[in-house]
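K.L.:
Can you make the complete structure from the sequences, with help from the hints?
FYI, in this note's numbering the residues of the sequence shown are 679 to 717.
Heads up, a few of these hints could be off.
Unchecked claim - Between beta-carbon pairs, the in silico distance windows are: (1) 712 with 691: 20 to 26 Å; (2) 682 with 709: 39 to 45 Å; (3) 712 with 692: 19 to 25 Å; (4) 691 with 714: 23 to 29 Å; (5) 713 with 692: 21 to 27 Å; (6) 710 with 682: 36 to 42 Å; (7) 712 with 689: 22 to 28 Å; (8) 684 with 713: 21 to 27 Å; (9) 713 with 682: 38 to 44 Å; (10) 688 with 712: 37 to 43 Å.
Hints are computed from structural coordinates only; laboratory data are not their basis. For glycine and all other residues, C-beta sits at the position ideal for the given N, C-alpha and C.
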Amino acid sequence: MPGKSTPKLFSRLLSNFLYFLYSYKKSGLATLFYFDFFH
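P.N.:
Structural data, given as structure tokens:
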């Protein structure tokens, strides 16, 4: 069933994205990106 593997794939993508955001934030570039994006 294709609908069964979708949540797992989505959760993997989401966790990868959150990890990317976390490492990006730790590096300090997130603030620069934030100001570039919102100003």
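K.L.:
Against each hint, give a clear statement of whether it holds in the structure.
P.N.:
Here's how the hints hold up against the structure:
no.	hint	result
1	712 with 691: 20 to 26 Å	holds, 22 Å
2	682 with 709: 39 to 45 Å	holds, 40 Å
3	712 with 692: 19 to 25 Å	holds, 21 Å
4	691 with 714: 23 to 29 Å	holds, 25 Å
5	713 with 692: 21 to 27 Å	holds, 26 Å
6	710 with 682: 36 to 42 Å	holds, 41 Å
7	712 with 689: 22 to 28 Å	holds, 26 Å
8	684 with 713: 21 to 27 Å	violated, 36 Å
9	713 with 682: 38 to 44 Å	holds, 42 Å
10	688 with 712: 37 to 43 Å	violated, 26 Å
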